[in-house]
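Student: One letter stands for each residue in the lines below.
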Amino acid sequence: MDAEIIAMLGQDGVTNGAIYALLALALVLVFAVTRVIFIPQGEFLAWGALTMAALEGGQFPATVWLLVGCGVLTLAVDAFSATGRRNIGRSVLWNLAYPLALAGLLWGLPIAELPTAARVLIALAIVVPMGPMLYRVAFQPVAEAPVLVLLIISVAVHLAMVGLGLLIFGPEGSRTQPFSEAQFELGSLMIGGHTLVVLGASVVLIVALYLFFDRTLYGKALRATAINRNGARLMGISPALAGRLTFFLAAVIGVLSGLLVAPITTVYYDSGFLIGLKGFVAAIIGGLASYPLAAGGAILVGLLESFSSFWASAFKDVIVFTLIIPVLMWRSLTSHHVEEEE
Amino acid sequence: MNANTQTRAAPGAPSRLSPKLVLGVFLVLLVAAPLVLPEFYVTLLNYVGLSALVALGLVLLTGVGGLTSFGQAAFVGLGGYTTAWLTTAQDLPGWLAFIGSSPWFTLVAGLVLTATVAVILGSVTLKLSGHFLPLGTMAWGISLYFLFGNMEFLGGHGGLSGIPAVSVFGYELLDNGQFYYLVWAFVLAALFTTRNLLDSREGRAIRALKGGMVMAESMGVDTSRARMVIFVIAALHACAAGWLYAHLQRFVNPTPFGLHIGIEYLFMAVVGGAGQVWGALVGAGVITVLKQWLQDILPKVFGSAGNFEVIIFGVMMVIVLQRARDGLWPLIAGLVPVREAPKAIDSAAAPLARKPQPPMGETILEARDVTRKFGGLVANNNMSLHVKAGEILALIGPNGAGKSTMFNQLSGVDTPTSGDVLFRGKSVAGHSSREIAGLGMSRTFQHVRLLPKMTVLENVAIGAHRRGSKGVLPAAWRLDREEEARLLREAAIQVERVGLKDFMFAEAGSLALGQQRILEIARALCSDPCLLLLDEPAAGLRLKEKQALAELLRRLKSEGMAVLIVEHDMDFVMSLVDRVVVMEFGEKIAEGLPAEIQKNPAVLEAYLGGV
Chain A
1 MDAEIIAMLG
11 QDGVTNGAIY
21 ALLALALVLV
31 FAVTRVIFIP
41 QGEFLAWGAL
51 TMAALEGGQF
61 PATVWLLVGC
71 GVLTLAVDAF
81 SATGRRNIGR
91 SVLWNLAYPL
101 ALAGLLWGLP
111 IAELPTAARV
121 LIALAIVVPM
131 GPMLYRVAFQ
141 PVAEAPVLVL
151 LIISVAVHLA
161 MVGLGLLIFG
171 PEGSRTQPFS
181 EAQFELGSLM
191 IGGHTLVVLG
201 ASVVLIVALY
211 LFFDRTLYGK
221 ALRATAINRN
231 GARLMGISPA
241 LAGRLTFFLA
251 AVIGVLSGLL
261 VAPITTVYYD
271 SGFLIGLKGF
281 VAAIIGGLAS
291 YPLAAGGAIL
301 VGLLESFSSF
311 WASAFKDVIV
321 FTLIIPVLMW
331 RSLTSHHVEE
341 EE
Chain B
1001 MNANTQTRAA
1011 PGAPSRLSPK
1021 LVLGVFLVLL
1031 VAAPLVLPEF
1041 YVTLLNYVGL
1051 SALVALGLVL
1061 LTGVGGLTSF
1071 GQAAFVGLGG
1081 YTTAWLTTAQ
1091 DLPGWLAFIG
1101 SSPWFTLVAG
1111 LVLTATVAVI
1121 LGSVTLKLSG
1131 HFLPLGTMAW
1141 GISLYFLFGN
1151 MEFLGGHGGL
1161 SGIPAVSVFG
1171 YELLDNGQFY
1181 YLVWAFVLAA
1191 LFTTRNLLDS
1201 REGRAIRALK
1211 GGMVMAESMG
1221 VDTSRARMVI
1231 FVIAALHACA
1241 AGWLYAHLQR
1251 FVNPTPFGLH
1261 IGIEYLFMAV
1271 VGGAGQVWGA
1281 LVGAGVITVL
1291 KQWLQDILPK
1301 VFGSAGNFEV
1311 IIFGVMMVIV
1321 LQRARDGLWP
1331 LIAGLVPVRE
1341 APKAIDSAAA
1351 PLARKPQPPM
1361 GETILEARDV
1371 TRKFGGLVAN
1381 NNMSLHVKAG
1391 EILALIGPNG
1401 AGKSTMFNQL
1411 SGVDTPTSGD
1421 VLFRGKSVAG
1431 HSSREIAGLG
1441 MSRTFQHVRL
1451 LPKMTVLENV
1461 AIGAHRRGSK
1471 GVLPAAWRLD
1481 REEEARLLRE
1491 AAIQVERVGL
1501 KDFMFAEAGS
1511 LALGQQRILE
1521 IARALCSDPC
1531 LLLLDEPAAG
1541 LRLKEKQALA
1551 ELLRRLKSEG
1561 MAVLIVEHDM
1571 DFVMSLVDRV
1581 VVMEFGEKIA
1591 EGLPAEIQKN
1601 PAVLEAYLGG
1611 V
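Residue numbers (the working numbering), protein chains in the order written: chain A, 1 to 342; chain B, 1001 to 1611.
Only chain A is shown next, with the shape it has when bound in the complex (with noise of 0.2 Å):
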């Protein structure tokens, strides 16, 4: 092994890290706020990516399909629960209106002559509003429960969308255009462009959300609610509200994160799972509670699986997932406390 494979091996690791220390994030901040360990984070990479993929290649999404459904069910449940009636107009717009109206415009759109902009838009508008509808369904009738249930329900969205995955997508993957061809020198080093862009995405989204928790009211309702929910309650801070908003942030950096692995993996309708567990054994690196951690844990991760690969490919997840073991050793050594008074 010479100094160019370890270059080429750590730019392809610090790359896959970016995109898990996304991933990371997203899952740090719904288990602050709503206790939830979102194991589907994974599928709406996974469909993000996917429905760029046909956007690419000209066809209608059908995941609009999906929204409209998920619109639907979201609008039923509202429309039996009495605090869902009290907004009912609110509710019909978003879960019905919307979808419908997205729907009919991507019918009027020529999908195949759309720039990258415009497509990254639609995949995002597609599929990040599913992510509160999900919270609304599946999540915000048992909010108080144990975290275990909700892990349980967690395990269960998961894989109800994998099967919804297998049904519109198929079984064959896609990959999509990287969004720079471009390629640097640097000494006898090659660059791609989209790694810088990656990279430059991944630092972006991480900025933008620091600068959301700790500089708009929104962002430090959220942080009040991770702290305390009964607190924030009494402050009137809704808990629904706050676990919509963070499902939407998590759907938007699945989303994002999906379109920026398509180009360098190929992915298929259950990739989401392995990569979304990738950010999960950062996350636990973090102790699910600190972000700079879990970001520094992600990047570990994907060094670790770029060198691994090389040595042992076959081998490859079974080292990293391996890795939990000594963390979460270090964790439980680290953390020891006296039971709190329930």
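In short, the hints are calculated from the structure, not lab data. Hints are not guaranteed to be accurate.
Unchecked claim - Computed footprint of chain B on chain A; a stretch qualifies when at least three of its residues, placed anywhere within it, have a C-beta under 8 Å from a C-beta of chain B:
1) 62 to 74
2) 138 to 150
3) 312 to 325
This structure is a prediction, so every number in the text was calculated from the model and none was measured. Ideal placement from N, C-alpha and C gives every residue a C-beta, glycine not left out.
Keeping the supplied structure of chain A fixed, place chain B upon it in accordance with the hints.
Tutor: Chain B alone, transformed into the frame defined by chain A:
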């Protein structure tokens, strides 16, 4: 359900079925099933049995013990692959070849290997609190799955075939109908032993895990051991299922041992009703049959081959967890009204051995200059106090004075920053609350910590945990009945002693708060203590109950018990106790007889803000 059955019954004689009858009918149906059912259903029942075995482990682990695992399929794989490799591989070294000569030897080998792996994984992951544990199980579940698929000698993703059939007494089990009896013998043995285990000393310790670690440890339960025990048992159940699977299919590949199948096992336990032994059977049956049915029906309806059953599964799970979190078993149990016999208490059982009681007047507990700092906050500053045998000491003070912190230092829940705590002349600062409980200190909790679904008697019997010694295996095979009778007798005596005799077999959660506090005292007494630490025992009691409690405490005192109580009810304290220690801002501001304390200017200042 009760109301219904009773209105239908003849007056005076509730028409409830005897449990033996219901079990008998179930067994007859089980034995007759392969003789009357077509081959297809027998095969299906075999798979139900295999899954039920794994789900049963999860009932113990998740439903009863509160530890969620998504990784059980990996343990099934360990069992399956061990036997597959040992019985099919050529050129094994001598001793391995010997083990491989019979599936029964490979079963033992698989169980030993699984137990070893489970102990290693458990010692790493079981310390993790709440949600970290299930995530950890997911991670090693995936790791083991990829390992199965990537090991050359395990046949890679293609797997291993040509696994021999199992022989029982020289009779080869070749078809599904014959194998059926082997599978269900395993399931029944597992059901029987799990049920026995839960109804025993170790079982109560396992059930106590859900009541919080602090409570269980204070009652002398080694919670890390109890967690490890159920983790290993669940893994062994899964391993046995894997062994059966390998010899039923005569072929293994990695697919049935992946994470998704592990998730399915957890679903079975949850759908059936995690926490119910029979729930495992119901869950395994419902999910296996439903899956088969969905795989048959859905492609016909929707045309193409999709993964429809997964979608329906996921949606169904969400609905079950939103609407019926206790699973299906309670609903089914409601349809068949089985008579529940209250536990028999053998009043002739030999009494439990008691520790020698210290002589009257001996100093039992002494705190010397105990200081506890949380960062810059000094919660206890140079606190000293002592309690003698045959004396009741009250620790009082305004809210936030540091009484609870002091209580935690004394009982071993927390460790003092400096200073020492002596129990019967021996330093116990820094020792675990479990060790301290073993020395003869027992306590109650300010916020009642009971197991609401267990009876009063069983809750009290947890207190006697350290006075018994029979472990998991004797409990599973009912070799612990003599000791169990003695433990229950002791518990019954303590229940009567505190005046809860009428509620002996009621669920603890159905008692009023005041009675629950009294129940905690009975539980503490059951451990044969020489010092009782009572945290606000009179809160929530009515006047009569307070008088009864005071009477009980006086009686204990006259028997030589040392009692330390933290209490806010001044009438209760002043008429009962021998001495009072008053705390404010983490420090002792007064100590003396009740009458002196009532006149002490510093105390009046603290309580009334100056007079």
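Student: Each of the hints needs a verdict: does it hold here or not?
Tutor: Do the hints match the structure? See the list:
Residues of the segment 62 to 74 of chain A with a Cβ under 8 Å from some Cβ of chain B number 0, which does not satisfy the need for three, so the listed coverage is violated. With 7 residues having a beta carbon nearer than 8 Å to a beta carbon of chain B, the segment 138 to 150 of chain A meets the requirement of three or more and the stated coverage holds. Residues of the segment 312 to 325 of chain A with a Cβ under 8 Å from some Cβ of chain B number 8, which satisfies the need for three, so the listed coverage holds.
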